[in-house]
Amino acid sequence: MTTPRTTTVTPTPTPPNASPKTLSTARTTATTTRVLRQLTHDPRTIALLLLIPCVMLLLLRYVFDGNPRTFDSIGASLLGIFPLITMFLVTSIATLRERTSGTLERLLAMPLGKGDLIAGYALAFGTLAIIQSALATGLAVWFLGLDVTGSPWLLLLVALLDALLGTALGLFVSAFAASEFQAVQFMPAVIFPQLLLCGLFTPRDTMHPVLETISDVLPMSYAVDGMNEVLHHTDMTATFVRDVLIVAGCALLVLALGAATLRRRTA
Amino acid sequence: MMNNAPGPSRPGANTNPDPDPTAVHAENLTVARGPRTVLRALGFTVPRGQITGLLGPSGCGKSTLMRSIVGTQAKVTGTLDVLGRPAGHPTLRTRIGYVTQAPSVYDDLTVRQNLDYFAAILDPGRSAADRRHDNVTRATADVDLTTHADVLAGNLSGGQRSRVSLAVALLGTPELLVLDEPTVGLDPVLRRDLWNLFHDIAASRGATLLVSSHVMDEAERCHRLLLMREGELLADDTPDALRTATGAETVEEAFLHLVDEAKAASRPKETTR
Numbered sequence: 444m445t446t447p448r449t450t451t452v453t454p455t456p457t458p459p460n461a462s463p464k465t466l467s468t469a470r471t472t473a474t475t476t477r478v479l480r481q482l483t484h485d486p487r488t489i490a491l492l493l494l495i496p497c498v499m500l501l502l503l504r505y506v507f508d509g510n511p512r513t514f515d516s517i518g519a520s521l522l523g524i525f526p527l528i529t530m531f532l533v534t535s536i537a538t539l540r541e542r543t544s545g546t547l548e549r550l551l552a553m554p555l556g557k558g559d560l561i562a563g564y565a566l567a568f569g570t571l572a573i574i575q576s577a578l579a580t581g582l583a584v585w586f587l588g589l590d591v592t593g594s595p596w597l598l599l600l601v602a603l604l605d606a607l608l609g610t611a612l613g614l615f616v617s618a619f620a621a622s623e624f625q626a627v628q629f630m631p632a633v634i635f636p637q638l639l640l641c642g643l644f645t646p647r648d649t650m651h652p653v654l655e656t657i658s659d660v661l662p663m664s665y666a667v668d669g670m671n672e673v674l675h676h677t678d679m680t681a682t683f684v685r686d687v688l689i690v691a692g693c694a695l696l697v698l699a700l701g702a703a704t705l706r707r708r709t710a
Numbered sequence: 005m006m007n008n009a010p011g012p013s014r015p016g017a018n019t020n021p022d023p024d025p026t027a028v029h030a031e032n033l034t035v036a037r038g039p040r041t042v043l044r045a046l047g048f049t050v051p052r053g054q055i056t057g058l059l060g061p062s063g064c065g066k067s068t069l070m071r072s073i074v075g076t077q078a079k080v081t082g083t084l085d086v087l088g089r090p091a092g093h094p095t096l097r098t099r100i101g102y103v104t105q106a107p108s109v110y111d112d113l114t115v116r117q118n119l120d121y122f123a124a125i126l127d128p129g130r131s132a133a134d135r136r137h138d139n140v141t142r143a144t145a146d147v148d149l150t151t152h153a154d155v156l157a158g159n160l161s162g163g164q165r166s167r168v169s170l171a172v173a174l175l176g177t178p179e180l181l182v183l184d185e186p187t188v189g190l191d192p193v194l195r196r197d198l199w200n201l202f203h204d205i206a207a208s209r210g211a212t213l214l215v216s217s218h219v220m221d222e223a224e225r226c227h228r229l230l231l232m233r234e235g236e237l238l239a240d241d242t243p244d245a246l247r248t249a250t251g252a253e254t255v256e257e258a259f260l261h262l263v264d265e266a267k268a269a270s271r272p273k274e275t276t277r
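Protein chains in written order, with this note's numbering: chain C, 444 to 710; chain D, 5 to 277.
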């Protein structure tokens with residue numbers, strides 16, 4: 444036996460030119476295709492994802508049959524909340540499965556950048572979110588009489604950003620879940636407080652100041668604010684732009700945090 | 005059945021005149037998992053172009069050693085060089101094929117879709133599409149799943165799923181194949197065919213294989229053996245030399261002999277505690 448050396452192989456020093464690019468379009472696209480292919484083998488999930496928001500809006504429309512103004516406000520908020528919740532659930536379970544099945548370890552032992560994997564997931568679920576939001580928005584605006592002053596396209600934009608935020612949050616919390624049971628419990632833990640404080644039930648400025656402050660730092664508040672801006676104004680207001688930027692910024696921040704939870708080396 | 009004929013020349017196979025005859029070199033390799041030391045100061049060398057068997061009872065640290073070599077194990081200290089680079093180096097990711105003990109494939113994709121995806125990660129881009137298609141077809145044939153190419157992985161039997169996992173590692177042309185119990189749960193015919201395939205890969209592509217097993221009769225099929233017990237290396241030799249040195253008829257007997265020796269050597273220490 445030679446004399447003990449104290450060289451540590453972790454963390455491996457990485458020469459800058461040898462490291463694979465963090466983002467490769469081809470690998471990202473391949474990942475998106477793969478995730479969508481997985482979904483095509485699961486038509487029931489697709490049907491549930493696309494139909495439930497529509498059914499809920501239909502239900503809501505007739506719950507507030509005598510009060511169309513309330514339907515306008517809650518309906519528009521829900522158009523932003525649905526994609527966030529569904530993408531959160533789908534992503535957290537999908538990523539958890541990736542972690543527990545060993546495919547994540549295998550992928551990270553291959554020349555796949557973490558950014559490729561995350562962008563691949565975000566694109567796949569983003570595509571799904573576009574279809575989901577288009578169906579729900581179309582139904583609400585054209586068939587259920589949701590009265591939007593601004594452009595329905597802006598509603599769609601906010602919905603898409605909400606979906607991205609949901610994907611980001613799902614990816615992030617899946618790192619802290621050891622099982623599907625824990626993963627679904629993160630839904631009430633992460634989503635419900637935001638739901639209660641986002642202004643859906645009562646305007647945020649009428650809440651207790653402490654709660655209002657908390658709601659000020661929760662991203663869903665801005666998602667709902669943005670929807671309401673579109674509801675009441677014909678063109679893009681400064682508040683709308685601010686809301687959109689905050690939701691997008693939060694999504695990117697949480698995606699980066701999620702990327703940090705993907706470790707090539709695990710114990 | 006298995007495609008054992010030396011096929012058409014594959015890019016990168018056996019053409020790299022690397023003068024370094026060692027594939028893996030470890031010195032004072034130690035791995036801790038939580039409070040436990042799983043590997044204790046291992047030192048060994050795996051030669052290139054050969055099949056090295058990694059044998060020992062379950063829980064002795066075989067998988068941890070393999071994960072260290074592949075670069076997915078955290079808390080590795082000591083020296084561990086793989087194909088001339090420190091283990092886990094980014095450039096090694098295309099040069100190593102790794103098969104985990106539990107099959108790591110997507111159950112909700114077909115065999116072909118699984119392989120298509122992993123092939124696209126290894127060899128991305130539109131211009132490589134034909135090469136990828138050939139690689140996927142060859143890897144599917146290598147593990148004898150051509151007739152099941154369009155079946156969902158989740159609907160396959162356990163042995164078939166582990167062969168899909170193996171096929172992923174055979175995509176591309178890895179210089180080092182790290183296979184964690186690849187033949188567990190397979191019938192004798194398939195096991196024999198897979199071992200023939202391993203020998204073919206070593207001979208025709210010049211690849212190095214590190215294969216773990218706790219079935220001792222598979223040890224006879226390896227060029228060299230690493231025998232492990234409780235995180236330590238008991239022996240590092242050829243099967244013949246092991247049998248000669250211990251005066252045993254089979255590798256299994258040789259291993260048991262070495263285990264008894266190690267136990268006897270460690271007993272005085274234990275009683276003094």
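If you're looking for bench data, these hints aren't it; they were derived computationally from the structure.
All values derive from a computational prediction rather than experimental measurement.
Note that the Cβ used here is the ideal one computed from N, Cα and C, for glycine as well.
Treat the hints with caution; some may be incorrect.
Residues from chain D that keep clear of chain C, each with C-beta distances beyond 12 Å, as calculated [to be verified]:
no.	residue
1	A106
2	A123
3	I125
4	V193
5	V219
6	T242
Okay, the calculated beta carbon distance ranges per label pair [said to hold, decoys possible]:
no.	chain 1	residue 1	chain 2	residue 2	range
7	D	N159	C	L502	15 to 23 Å
8	D	G47	C	R706	34 to 42 Å
9	C	A490	D	G47	57 to 65 Å
10	D	T49	C	A710	22 to 30 Å
11	C	I495	D	G163	58 to 66 Å
12	C	I495	D	D24	40 to 48 Å
13	D	V263	C	A710	22 to 30 Å
14	C	A710	D	G47	52 to 60 Å
Original post:
Going through the earlier hints one by one, which of them does the structure break, listed in rising order?
Top reply: 1, 2, 3, 7, 8, 11, 12 and 14
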